[in-house]
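2 protein chains.
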Amino acid sequence: MSKRVLCLLFPGFEEIEAIAPIDLLRRAGVEVKVVSLTSDRKVTGRSNVTVQAEATLAEVAANDFDLLLLPGGPGVKNLRGGGRPAQLARAYAQAGKLVGAICAAPLVLADAGLLAGKRFTAHFSAHGELPQALAGEKVVEDGNIITSRGAGTAVDFGLALVRRLCGEEVAQQVAKAIMLG
Amino acid sequence: MSKRVLCLLFPGFEEIEAIAPIDLLRRAGVEVKVVSLTSDRKVTGRSNVTVQAEATLAEVAANDFDLLLLPGGPGVKNLRGGGRPAQLARAYAQAGKLVGAICAAPLVLADAGLLAGKRFTAHFSAHGELPQALAGEKVVEDGNIITSRGAGTAVDFGLALVRRLCGEEVAQQVAKAIMLG
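Those sequence lines, one after another, are chains A and B.
In the working numbering, each residue carries its 1-based index in the first sequence increased by 10.
In the working numbering, each residue carries its 1-based index in the second sequence increased by 10.
Rather than coming from a laboratory, the hints here were simulated on the basis of the structure.
Just so you know, not all the hints are guaranteed correct.
DSSO-like cross-link-like pairs, simulated, lysine-lysine; straight-line CA separation at most 27 Å [to be verified]: (1) Lys87/B to Lys186/A; (2) Lys186/A to Lys87/A; (3) Lys107/B to Lys128/B; (4) Lys87/B to Lys107/B; (5) Lys52/B to Lys87/B; (6) Lys13/B to Lys186/B; (7) Lys186/A to Lys13/B; (8) Lys87/A to Lys186/B; (9) Lys148/B to Lys186/A; (10) Lys52/A to Lys186/A; (11) Lys128/B to Lys13/B; (12) Lys186/B to Lys128/B; (13) Lys148/B to Lys52/A; (14) Lys148/B to Lys87/B; (15) Lys148/A to Lys13/B; (16) Lys128/A to Lys148/A; (17) Lys52/A to Lys87/A; (18) Lys186/A to Lys148/A; (19) Lys128/A to Lys186/B; (20) Lys186/B to Lys148/B; (21) Lys87/B to Lys148/A; (22) Lys13/B to Lys107/B; (23) Lys52/B to Lys186/B; (24) Lys128/A to Lys186/A.
Simulated restraints, written as ranges between beta carbons of each label pair [as the list claims (entries may be wrong)]: (25) Asn58/B to Gln183/A: 15 to 21 Å; (26) Arg14/B to Glu139/A: 43 to 49 Å; (27) Glu178/B to Ala71/A: 46 to 52 Å; (28) Glu69/B to Met11/A: 40 to 46 Å; (29) Gln97/B to Asn58/A: 35 to 41 Å; (30) Thr48/A to Ala126/B: 48 to 54 Å; (31) Gln97/B to Lys107/A: 49 to 55 Å; (32) Gln104/A to Gly153/B: 45 to 51 Å; (33) Arg94/B to Gln97/A: 48 to 54 Å; (34) Ser49/A to Lys186/B: 53 to 59 Å; (35) Glu69/B to Gly146/A: 42 to 48 Å.
The beta-carbon is built from N, C-alpha and C at its ideal position, and this holds for glycine as well.
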C-alpha cells in the first residue's frame, strides 16, 4: 500500500515550501492529502498564490497518515494559534510516525515539546525562539523529526521525505526526473 | 515603476516550475500576472495541484509586460497546440523584451524560431527535438532568452529572472531570505 502524507495549508503559507514537497512526493507515488487548516478550501500563500486544498482539516481523519507535513511562511502564526497542529504533531511523534516541518514551522514542533534534545534546523526568523537551530544544514533528520530551513531548501526537504517514505532508489529517480544534479 | 511579468498556466504545468519563479519574483517586488491559457481560471498541474489564476490570457493585454514566463511540464503540448504562446514569445523577442522558459517549454521557443543559433537548455524529455540543449547547465541566458532545465533548477531559474529584472543586489537579498546558500 502506498504511503500517505497529510499536508496542512494555512493563510500566509510559503508556496514553494508546500508545493515542492507535495509535487516530489506525488512523483514518488505517495498519496498526499492537501488540507486547509481553516474552513475555506481556497488558501492564499505569502506570495499571493491561491491553491485549492482538497478538503479542510476538520473533514479528514487527521491521524490516519504516515507523515505530517508542515510548510512555513509568515502564516505559521496561524498554525500556532489554535494549537491543533501542535497537538497533531505530538500525536504523530508519539505514534512513531514522521513529522516534517520547514522554515518557521519547527516552531509548532517546539510548541508540541518535540524539539527538546533534538537536532533540527529552521529559518533564521525563528532563531530567536529556537537558538539551537542548525542554520548551516539544509535538512536535518533526528529520529522521526525532519526539518529544513526555507524555500531555498524545499526541494532538498521534499527529496528527504521521499527517501524516508520510499527509499533511496526512488529518491534518486525523482531527483533525476527533475534534473536536479 | 516596478517590472511586470506575464506567467502562463495551462493544464499539466509543472507546479514547482511555475510557483518558484512567481514566488521569488514577487519577493523581489516584481508584479507577476498569473493567467490561464484556457477559459478556466482554475488550472491543475501535472502533480494534481490546482492553482487559481488571476485572469485568463484572453482577458489581459498580453503584450504589455516586461517578461514572458513559460513553465514546463507534460502540459507543454497544450502550450504548443494553439500557437498563441509561440506567437507571444516571438512578439516579446522582437520587441527586445525578455522570455523565460523552463523544462519542456523551450519547445515553444523553438516553434517560435527563437532558438536558432542560441545557447539554451531544456529538460531531457525535449532533447530529441532540441539536440543542442545544454543539459549540464542549470540556467542559460543568451540575449533576451533565459532557459532552465527542470523542477530541480526552478529556484535558480527564478533567481536568474530576478537578477535580470531587478539586479544582482536584489537577487542576493532574495536568495538570503529563502536560505538558499
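Structure-based check of each hint:
1. Lys87/B to Lys186/A: holds, 22 Å
2. Lys186/A to Lys87/A: violated, 36 Å
3. Lys107/B to Lys128/B: It holds: about 16 Å lies between the C-alpha atoms, which stays within 27 Å.
4. Lys87/B to Lys107/B: Given that 27 Å is the threshold and the Cα spacing comes to 24 Å, the pair holds.
5. Lys52/B to Lys87/B: The hint holds at about 18 Å.
6. Lys13/B to Lys186/B: holds, 21 Å
7. Lys186/A to Lys13/B: Outside the cut-off at roughly 34 Å; violated.
8. Lys87/A to Lys186/B: Holds - the C-alpha atoms of Lys186/B and Lys87/A are around 22 Å apart, at most 27 Å.
9. Lys148/B to Lys186/A: holds, 13 Å
10. Lys52/A to Lys186/A: violated, 32 Å
11. Lys128/B to Lys13/B: holds, 25 Å
12. Lys186/B to Lys128/B: With Cα atoms ~31 Å apart, Lys186/B and Lys128/B exceed 27 Å; violated.
13. Lys148/B to Lys52/A: With Cα atoms ~33 Å apart, Lys148/B and Lys52/A exceed 27 Å; violated.
14. Lys148/B to Lys87/B: holds, 23 Å
15. Lys148/A to Lys13/B: Violated. Lys148/A to Lys13/B sits at ~31 Å, over the 27 Å cutoff.
16. Lys128/A to Lys148/A: Holds, at about 16 Å.
17. Lys52/A to Lys87/A: Holds, at roughly 18 Å.
18. Lys186/A to Lys148/A: holds, 19 Å
19. Lys128/A to Lys186/B: holds, 25 Å
20. Lys186/B to Lys148/B: holds, 19 Å
21. Lys87/B to Lys148/A: violated, 35 Å
22. Lys13/B to Lys107/B: Given pair Lys13/B, Lys107/B holds - Cα atoms ~11 Å apart, limit 27 Å.
23. Lys52/B to Lys186/B: violated, 32 Å
24. Lys128/A to Lys186/A: violated, 31 Å
25. Asn58/B to Gln183/A: 15 to 21 Å: holds, 19 Å
26. Arg14/B to Glu139/A: 43 to 49 Å: violated, 38 Å
27. Glu178/B to Ala71/A: 46 to 52 Å: At roughly 49 Å between Cβ atoms, Ala71/A and Glu178/B fall inside 46 to 52 Å, so the hint holds.
28. Glu69/B to Met11/A: 40 to 46 Å: holds, 44 Å
29. Gln97/B to Asn58/A: 35 to 41 Å: violated, 28 Å
30. Thr48/A to Ala126/B: 48 to 54 Å: About 51 Å separates the Cβ atoms of Thr48/A and Ala126/B, which means 48 to 54 Å holds.
31. Gln97/B to Lys107/A: 49 to 55 Å: holds, 51 Å
32. Gln104/A to Gly153/B: 45 to 51 Å: With Cβ atoms ~58 Å apart, the hint is violated.
33. Arg94/B to Gln97/A: 48 to 54 Å: This hint holds: roughly 50 Å between Cβ atoms.
34. Ser49/A to Lys186/B: 53 to 59 Å: violated, 36 Å
35. Glu69/B to Gly146/A: 42 to 48 Å: 47 Å Cβ-Cβ, so the 42 to 48 Å window holds.
Consistency note: the structure conflicts with the earlier hints numbered 2, 7, 10, 12, 13, 15, 21, 23, 24, 26, 29, 32 and 34.
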